[in-house]
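Dock chain B against the given chain A, drawing on the hints supplied.
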Amino acid sequence: MVNEELPEGVFLRGFRLGKLGVSLTGSYLGYQIQNLFLHGEKKLEKGRSFRHGASRQLRKELERLKGPVMKLGQILSTQTQTFSDETIRELAKLQMQAPGMHPTLARAQFKSSCGKYPEEVFRVFEPEPFAAASLGQVHRAITKHGEKVAVKIQYPAIREAMENDFKLLRSAMLPGRITGHFPVAIVDEIQRGFSEETDYLKEAANLDFFRERLALFSYLAIPAVHRDLTTDRVLTMSFIEGAPAPDFLASNPSQSVRDLIGSRLLELYYFQVQQVQALHADHHPGNYLFKPDGQIGLVDFGCVKRLSFDVAELSRCCVARSWKQGKAQAEHVIRLIWGKQVPFKQARDMLSSVEEGVDVLFPMKTGAAAIVDFGKPDLLKIFGRNLRQVLRHKLTNPEFAFLSRAELGLYGLLHQLKSRVNTLEVWEGIVEPRQRRKT
Amino acid sequence: MKTQHRQSTAKRKPQKSGKRAENKERTRKAILRAALDLFDKQGFYRATTRSICRKAGIAEGTLFNYFRTKEDLALCFFEEELADLTDWFRREKRLRQAPLPEKLFAIIHQHLERIGPHESFIGAVYLRALHPASKLNLLSLESQAQNLRYLRFIHEILSQAEAEREIPKVGEIGAYAFALFHLAIITYWLQDSSPGKGKTLALLDRCLNLASSFLKRGGWEW
Chain A
27 MVNEELPEGV FLRGFRLGKL GVSLTGSYLG YQIQNLFLHG EKKLEKGRSF
77 RHGASRQLRK ELERLKGPVM KLGQILSTQT QTFSDETIRE LAKLQMQAPG
127 MHPTLARAQF KSSCGKYPEE VFRVFEPEPF AAASLGQVHR AITKHGEKVA
177 VKIQYPAIRE AMENDFKLLR SAMLPGRITG HFPVAIVDEI QRGFSEETDY
227 LKEAANLDFF RERLALFSYL AIPAVHRDLT TDRVLTMSFI EGAPAPDFLA
277 SNPSQSVRDL IGSRLLELYY FQVQQVQALH ADHHPGNYLF KPDGQIGLVD
327 FGCVKRLSFD VAELSRCCVA RSWKQGKAQA EHVIRLIWGK QVPFKQARDM
377 LSSVEEGVDV LFPMKTGAAA IVDFGKPDLL KIFGRNLRQV LRHKLTNPEF
427 AFLSRAELGL YGLLHQLKSR VNTLEVWEGI VEPRQRRKT
Chain B
1455 MKTQHRQSTA KRKPQKSGKR AENKERTRKA ILRAALDLFD KQGFYRATTR
1505 SICRKAGIAE GTLFNYFRTK EDLALCFFEE ELADLTDWFR REKRLRQAPL
1555 PEKLFAIIHQ HLERIGPHES FIGAVYLRAL HPASKLNLLS LESQAQNLRY
1605 LRFIHEILSQ AEAEREIPKV GEIGAYAFAL FHLAIITYWL QDSSPGKGKT
1655 LALLDRCLNL ASSFLKRGGW EW
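So the protein sequences, as listed, match chains A and B.
Just so we're aligned, residue 27 is where the first sequence starts under my numbering, counting upward by one.
Just so we're aligned, residue 1455 is where the second sequence starts under my numbering, counting upward by one.
These aren't lab readings, by the way, just hints derived from the structure by calculation.
There may be inaccurate statements among the hints.
Among the chain A residues that face chain B by a calculated CB cut under 10 Å, a handful are [claimed, not checked]:
1) Thr-130
2) Gln-135
3) Asp-258
Straight-line alpha carbon distances no greater than 20 Å define the calculated EDC-like cross-link-like pairs of lysine to aspartate or glutamate that follow [unchecked claim]:
4) Lys-1547(B) <-> Glu-146(A)
5) Lys-1653(B) <-> Glu-186(A)
6) Lys-174(A) <-> Glu-267(A)
7) Lys-142(A) <-> Glu-1533(B)
8) Lys-350(A) <-> Glu-339(A)
9) Lys-407(A) <-> Asp-385(A)
10) Lys-228(A) <-> Asp-254(A)
11) Lys-1589(B) <-> Asp-1541(B)
12) Lys-142(A) <-> Glu-1573(B)
13) Lys-444(A) <-> Glu-339(A)
14) Lys-1653(B) <-> Asp-258(A)
15) Lys-1547(B) <-> Glu-152(A)
16) Lys-1589(B) <-> Glu-1533(B)
17) Lys-1547(B) <-> Glu-145(A)
The following label-pair restraints were derived from C-beta to C-beta distances [what the hints assert, rightly or not]:
18) Ala-1617(B) <-> Asp-254(A): 42 to 52 Å
19) Asp-1494(B) <-> Ser-244(A): 51 to 61 Å
20) Phe-1668(B) <-> Gln-83(A): 17 to 27 Å
21) Pro-153(A) <-> Phe-1668(B): 50 to 60 Å
The structure presented is a predicted model; accordingly, all values stated were derived computationally and were not measured.
Even for Gly, the Cβ is constructed at its ideal location relative to N, Cα and C.
Okay, chain A solo, but in the shape it has when bound (with noise of 0.2 Å):
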């Protein structure tokens, strides 16, 4: 494993992003030049060598960068429509191969923060971690008492690089905030989530939490934490077996294990929407882990989204269409999103944006015309346009940051999946809650 160090100072990190633009850009131009000379085959050849030499540095710096900065590249591997195949598939390969700590370093940390080398505690300890994430990397383990179980541990000093990096991002953002396009409230919110993302104390208690409360889907596993053996660095949980979303893909399952298992991630997102009132809003393709009988993993729980706002009560407007039932009832919506202070005539035509999207993921239809292909790029192309016009009618609400991240990345995941569904059947299920058959 090739072991990278982790600029820590705002000013280092500020000058290896500024080196990344300079660098893109001057690619760029160059294969713009070379463009004028080259036709046909050669053309296109050129523009697949470009991307995929671009989106190799990019992910290779963001590997270097960890923190935010990386995981803004692991948000961007969800936009499957904003970006081509070759960048996607490059910033997908951050969620699992980022460079890790070398097995020293890993022990030390390890020492550092449960005062005990992991020898003296595992009766088999991988030093060699098998899977990385933008905070820490993730070891495989067999406690004392023979239990197999995935340890987390947290990169040295993350916290202060994470710190710097929002101090970069805010002065990089800073025109945004100036003409009110993004005001400092995301900016908070989103060092809010990432921040909670350090402590894995935290991260402990939202796997507790998730588990009781979704302990209901007898497909979804989430691990259970060891106690004894976590701290704010390191988190030893129950082992989760599993192919991650790249690899399961990888495997060529059929259409109707694609489609259960959307049906399932759908399933579960509505009901954390509905019922929990607080949803794990990760979700890039290596925090789910599928077995070929639709069975579903779900791991790193750092980042949760608890809903302050009546996300309920607006998904069923959404659902029922509402807003076309009368100025009150349209107003009532656009309450629910923005609050009181931005001006109806404002957010009005933001609604037929809105009803856009919902036509496609909740048609107005029966049988197999009801079926929601996630295959299709539709829905991706409607949330990314809605989020542009979000932007351009300085629209942010902070509460949709981590929502709009939670959502986008499952349709994302389901795009990646093909998965076809039944959405309305499946929310019905939601909203009308029924005996779930145990499988």
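Just chain B, lined up with the frame of chain A:
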């Protein structure tokens, strides 16, 4: 018979001197242990030679047969630490195959782990070593022998990395530079109040990776 008798005397003699040496070594270790314990509990300056003798269970004059001053005791402690550190590194088979930054990280980390329980003593000795007349001063003749052993040990590791083309030729100066870095890390470690001294780990790892990538990119060759 005579020959046999001579042979058995010849065999016994080293046994006797061996036993004496063993006893001496046992006493030396007991003094060192007692001194370290008192340095940790009472502080380097407040611990007296009388209290060290009492704790070690020896007569007061005996201590001076082994160590003339408290600084000699401290020097002996560092010498033993260095010997243990090099022995430990040579026993670690996995580390021998590890990349250079990991090897160097492991050496400093292991050192910090070993001296960790004696942090306040190390802090006091560190300040004492700044005095030009102190035996603990890096430039004192008493320290030099120890420093040379350390430099040879590091040089051996760097030479292996050079031979394997992991880094370009850095010569002996590489070992000197690393020794200074090691000292700087101990300075940082002494004032690091982060939980589990996590910031020292981060600094150590990042500096070594930075230096390694700098060397790999030919930064050394001007």
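Now for the hints, and whether the structure bears them out:
no., hint, verdict
1, Thr-130, "5 Å, holds"
2, Gln-135, "6 Å, holds"
3, Asp-258, "8 Å, holds"
4, Lys-1547(B) <-> Glu-146(A), "19 Å, holds"
5, Lys-1653(B) <-> Glu-186(A), "9 Å, holds"
6, Lys-174(A) <-> Glu-267(A), "10 Å, holds"
7, Lys-142(A) <-> Glu-1533(B), "26 Å, violated"
8, Lys-350(A) <-> Glu-339(A), "16 Å, holds"
9, Lys-407(A) <-> Asp-385(A), "13 Å, holds"
10, Lys-228(A) <-> Asp-254(A), "15 Å, holds"
11, Lys-1589(B) <-> Asp-1541(B), "25 Å, violated"
12, Lys-142(A) <-> Glu-1573(B), "18 Å, holds"
13, Lys-444(A) <-> Glu-339(A), "29 Å, violated"
14, Lys-1653(B) <-> Asp-258(A), "15 Å, holds"
15, Lys-1547(B) <-> Glu-152(A), "16 Å, holds"
16, Lys-1589(B) <-> Glu-1533(B), "13 Å, holds"
17, Lys-1547(B) <-> Glu-145(A), "16 Å, holds"
18, Ala-1617(B) <-> Asp-254(A): 42 to 52 Å, "46 Å, holds"
19, Asp-1494(B) <-> Ser-244(A): 51 to 61 Å, "57 Å, holds"
20, Phe-1668(B) <-> Gln-83(A): 17 to 27 Å, "20 Å, holds"
21, Pro-153(A) <-> Phe-1668(B): 50 to 60 Å, "27 Å, violated"
When held up to the earlier numbered hints, the structure conflicts with 7, 11, 13 and 21 and fits the remainder.
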